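Make the full structure from the sequences, and use the hints.
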Amino acid sequence: MPEFPYLPQTKKDIDEMMEVVGVKSISELFSDIPERFEVDISLPESKDEFTVLRDLSELSKRNLTLNDMSVFRGAGVYKHFVPSAVQAIASRGEFLTAYTPYQAEVSQGTLQMLFEFQTMICELTGMEVANSSMYDGASAVAEAALMAVRVKGGKKVLVSEALHPEYVETIKTYCFGSDIDVETVAFDSESGQVDVTDLQNKLTEDISGFVLGYPNFFGIIENLSEIRSTIGENTMMIVSTNPIALGILEAPGMLGADIVVGDGQPLGNAPSFGGPGLGFFASKESYIRKMPGRIIGETKDNDGRTGYVMVLQTREQHIRRSKATSNICSNHAFNALIASIYMSMIGSEGLREIAKRSFDKAHYLSERISRTDHVSLVFTGPFFNEFVARFDCDLKEFNKELLKDKILGPLELERFNEKLKDCGLICTTEANLNEEVEFFAGRLEAIG
Amino acid sequence: MKKYAATHEWVSVEGKTATVGISDHAQDHLGDIVYVDLPEVGKSYKKGDVFCTIESVKAASDIYAPVSGKVVEVNEELDSSPEKINDDAEGEGWIAKMEISNESELDSLMDLEAYKKHCEEEG
Chain A
2 MPEFPYLPQT
12 KKDIDEMMEV
22 VGVKSISELF
32 SDIPERFEVD
42 ISLPESKDEF
52 TVLRDLSELS
62 KRNLTLNDMS
72 VFRGAGVYKH
82 FVPSAVQAIA
92 SRGEFLTAYT
102 PYQAEVSQGT
112 LQMLFEFQTM
122 ICELTGMEVA
132 NSSMYDGASA
142 VAEAALMAVR
152 VKGGKKVLVS
162 EALHPEYVET
172 IKTYCFGSDI
182 DVETVAFDSE
192 SGQVDVTDLQ
202 NKLTEDISGF
212 VLGYPNFFGI
222 IENLSEIRST
232 IGENTMMIVS
242 TNPIALGILE
252 APGMLGADIV
262 VGDGQPLGNA
272 PSFGGPGLGF
282 FASKESYIRK
292 MPGRIIGETK
302 DNDGRTGYVM
312 VLQTREQHIR
322 RSKATSNICS
332 NHAFNALIAS
342 IYMSMIGSEG
352 LREIAKRSFD
362 KAHYLSERIS
372 RTDHVSLVFT
382 GPFFNEFVAR
392 FDCDLKEFNK
402 ELLKDKILGP
412 LELERFNEKL
422 KDCGLICTTE
432 ANLNEEVEFF
442 AGRLEAIG
Chain B
19 MKKYAATHEW
29 VSVEGKTATV
39 GISDHAQDHL
49 GDIVYVDLPE
59 VGKSYKKGDV
69 FCTIESVKAA
79 SDIYAPVSGK
89 VVEVNEELDS
99 SPEKINDDAE
109 GEGWIAKMEI
119 SNESELDSLM
129 DLEAYKKHCE
139 EEG
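Which chain is which? The protein sequence lines are A and B, in order. Per the working numbering, residue 2 is the first one in the first sequence, and the count goes up by one each step. Per the working numbering, residue 19 is the first one in the second sequence, and the count goes up by one each step.
By construction, these hints were calculated from the structure, which means they are not laboratory data. Where hints are given, some of them may not hold.
[Claimed, not checked] In the SDA-like style, the derived pairs of lysine to any residue whose C-alpha atoms are separated by at most 25 Å in a straight line are: (1) Lys-301(A) to Ala-105(A); (2) Lys-76(B) to Phe-399(A); (3) Lys-134(B) to Glu-32(B); (4) Lys-153(A) to Glu-58(B); (5) Lys-153(A) to Glu-32(B); (6) Lys-61(B) to Glu-234(A); (7) Lys-401(A) to Lys-420(A); (8) Lys-115(B) to Gly-33(B); (9) Lys-301(A) to Tyr-100(A); (10) Lys-420(A) to Glu-436(A); (11) Lys-301(A) to Asp-50(B); (12) Lys-88(B) to Lys-420(A); (13) Lys-102(B) to Thr-300(A); (14) Lys-156(A) to Lys-65(B); (15) Lys-324(A) to Asp-50(B); (16) Lys-61(B) to Lys-301(A); (17) Lys-153(A) to Ser-230(A); (18) Lys-115(B) to Val-152(A); (19) Lys-291(A) to Glu-95(B); (20) Lys-291(A) to Asp-50(B); (21) Lys-64(B) to Arg-321(A); (22) Lys-88(B) to Leu-313(A); (23) Lys-156(A) to Glu-58(B).
Only a predicted model underlies this, so the values are computations on that prediction, with no experimental measurement involved.
Now the structure itself:
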């Protein structure tokens with residue numbers, strides 16, 4: 002057996018250890034494993050570090066990353082431009098231990114950052130209080146459903162079918178263990194918005210909350226005021242939103258939302274493989290004790306200086322154990338840090354500009370599509386930066402062709418809803434250059 | 019008549035109505051009380067049900083209904099001044115008034131002397 006520089010045991014060490022435990026060879030240690038599990042895993046010959054690095058580098062060159070591509074796909078995770086300063090600031094060593102700051106005396110930087118994050122989320126959503134982040138948009142919306150039940154006491158929540166299907170699945174999973182019924186409300190096949198008649202028919206007294214997307218999964222902007230007056234005061238309105246959209250849309254808090262949640266990935270976080278992102282969670286002050294997650298508060302120390310601490314910890318699992326309001330403690334604080342730096346860098350003007358460009362490009366593209374013969378818009382409702390189109394061709398094949406030109410095409414919706422066969426969800430952001438949009442529009446026009 | 023539960027609630031009975039709170043001994047152990055999640059007026063609880071949660075700087079503690087019955091009034095003063103429980107747990111710091119549904123349950127509760135002994139034994 003050759004000796005490896007990174008393995009600390011010498012042959013002598015190993016021989017001594019084998020003697021102590023009473024075996025003659027290493028393979029004897031594995032003698033308890035039944036023979037049927039002994040397979041030849043055919044590992045190649047070992048290579049030196051220099052060769053391995055060169056091989057991996059060659060291999061990585063075959064990857065196609067979003068940076069090299071035109072992306073016309075979103076559906077919950079979005080490619081936006083991120084100023085280089087965001088990563089530079091976030092990479093500072095002081096921030097890299099974003100673990101729960103129990104000891105406030107040594108965690109003022111982290112605590113202040115999370116406090117600022119909460120403040121920005123409140124401003125963005127139009128709500129009174131926010132926590133210092135959740136795992137992602139899906140778990141945030143599921144926690145919101147549980148919170149509605151804590152506040153209202155019913156045992157049922159309604160969920161719009163036009164909410165992201167994976168969010169709906171997550172809500173069902175969270176509610177399953179808590180014996181909470183989840184019922185879906187249909188969307189209007191013409192507008193793409195919540196079917197208000199179906200909503201009215203399903204409203205009963207024991208419904209604690211109604212969850213919907215704003216914009217919804219199809220990019221459509223729901224009429225929150227109408228929904229608010231439909232469900233009445235006994236049911237909480239839970240709004241799952243895209244923070245970038247709030248750059249130009251009215252804040253859900255101003256339209257009667259009781260809880261506003263969403264995925265903060267679009268705020269400076271990389272799309273990666275769909276994560277890690279962060280969830281944000283905001284509500285009204287009167288419900289603060291029913292809110293999940295960590296909340297950071299601002300206070301004064303003995304000498305009257307501003308300081309930051311975790312507050313309302315008695316709700317949390319390290320104190321309330323099994324009766325805790327939620328079991329989220331280690332949040333995605335590092336991703337929240339990135340989001341906070343991004344938001345403070347772009348400011349409210351920048352956010353509006355990014356939202357407007359994302360909106361404009363999508364609307365330009367939809368205009369072009371409405372004039373083609375073989376692609377058509379599916380819904381009539383107002384939309385932000387995503388919309389659904391029906392294709393007169395094999396969408397899967399079309400996407401394969403696009404990929405050859407380094408274009409990530411529309412998300413095929415059939416796997417989420419069979420009514421949406423041949424339909425694709427198209428997305429644009431400010432990161433789509435005008436010539437990319439032109440090129441893509443040309444490809445759509447050439448279908449048929 | 020005033021009686022105590024082993025879980026440190028007191029009940030003061032007048033006719034069919036019981037005023038309920040936590041004992042002075044309990045408030046002393048909880049420390050500074052910062053929030054009281056009051057029970058709902060009109061709701062019925064069985065003896066031993068969690069009917070209120072008291073949050074102190076140390077912990078959030080469940081308070082159990084010492085007798086079965088319907089809540090007819092809650093001490094709304096506690097919403098803005100939860101410290102009233104620290105100041106006067108067995109007087110102005112009362113939590114709720116209940117309409118007793120089973121008076122015989124009072125027999126299983128302790129009088130002051132027995133309760134004092136119970137606290138000593140608990141340490």
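Hints versus structure:
1. Between Lys-301(A) and Ala-105(A) the CA atoms are separated by roughly 12 Å; this keeps the pair inside 25 Å, and the hint holds.
2. Only pairs whose Cα atoms come within 25 Å are accepted, and Lys-76(B) paired with Phe-399(A) is rejected, the gap being roughly 62 Å.
3. Distance restraint check for Lys-134(B) and Glu-32(B): the Cα-Cα separation of roughly 23 Å lies within the 25 Å cut-off, and the hinted pair is therefore satisfied.
4. Our distance criterion of 25 Å between C-alpha atoms is met by Lys-153(A) and Glu-58(B), whose separation comes to about 12 Å.
5. Between Lys-153(A) and Glu-32(B) the alpha-carbon distance is near 33 Å, which puts this suggested pair outside the 25 Å criterion.
6. Restraint check for Lys-61(B) and Glu-234(A): the C-alpha separation of about 20 Å stays at or below 25 Å, so the hint holds.
7. Taking the CA atoms of Lys-401(A) and Lys-420(A), the gap is near 23 Å; set against the 25 Å cutoff, the hint holds.
8. Between Lys-115(B) and Gly-33(B) the CA atoms are separated by roughly 12 Å; this keeps the pair inside 25 Å, and the hint holds.
9. The straight-line distance between the Cα atoms of Lys-301(A) and Tyr-100(A) is roughly 23 Å, inside the 25 Å bound, and the hint therefore holds.
10. With a C-alpha separation of about 33 Å, the suggested pair Lys-420(A) and Glu-436(A) falls outside the 25 Å cut-off, and the hint is violated.
11. Proximity of Lys-301(A) to Asp-50(B) is assessed by CA-CA distance (about 19 Å); at most 25 Å being required, the pair is judged to hold.
12. About 52 Å separates the Cα atoms of Lys-88(B) and Lys-420(A), which puts this hinted pair outside 25 Å; it is violated.
13. Between Lys-102(B) and Thr-300(A) the CA atoms are separated by roughly 24 Å; this keeps the pair inside 25 Å, and the hint holds.
14. Note on Lys-156(A) and Lys-65(B): the hinted pairing holds, with a Cα-Cα distance of about 24 Å set against a maximum of 25 Å.
15. Between Lys-324(A) and Asp-50(B) the CA atoms are separated by roughly 21 Å; this keeps the pair inside 25 Å, and the hint holds.
16. Restraint check for Lys-61(B) and Lys-301(A): not satisfied, since their Cα atoms lie roughly 40 Å apart, outside the 25 Å limit.
17. In summary, the hint linking Lys-153(A) to Ser-230(A) is supported, as the alpha carbons are separated by about 17 Å, within the 25 Å threshold.
18. For the proposed pair Lys-115(B) and Val-152(A), the alpha carbon gap of about 23 Å is at most 25 Å, so the pair holds.
19. A hinted pair counts as satisfied when its Cα atoms are at most 25 Å apart, and Lys-291(A) with Glu-95(B) qualifies at roughly 21 Å.
20. Taking the CA atoms of Lys-291(A) and Asp-50(B), the gap is near 21 Å; set against the 25 Å cutoff, the hint holds.
21. With a C-alpha separation of about 23 Å, the suggested pairing of Lys-64(B) with Arg-321(A) holds against the 25 Å cut-off.
22. Restraint check: the Cα-Cα separation between Lys-88(B) and Leu-313(A) comes to about 30 Å, which exceeds 25 Å; the hinted pair is violated.
23. For the hint linking Lys-156(A) to Glu-58(B), the alpha-carbon distance of about 18 Å falls within 25 Å, and the restraint holds.
Of the numbered hints stated above, those contradicted by the structure are hints 2, 5, 10, 12, 16 and 22, listed in ascending order.
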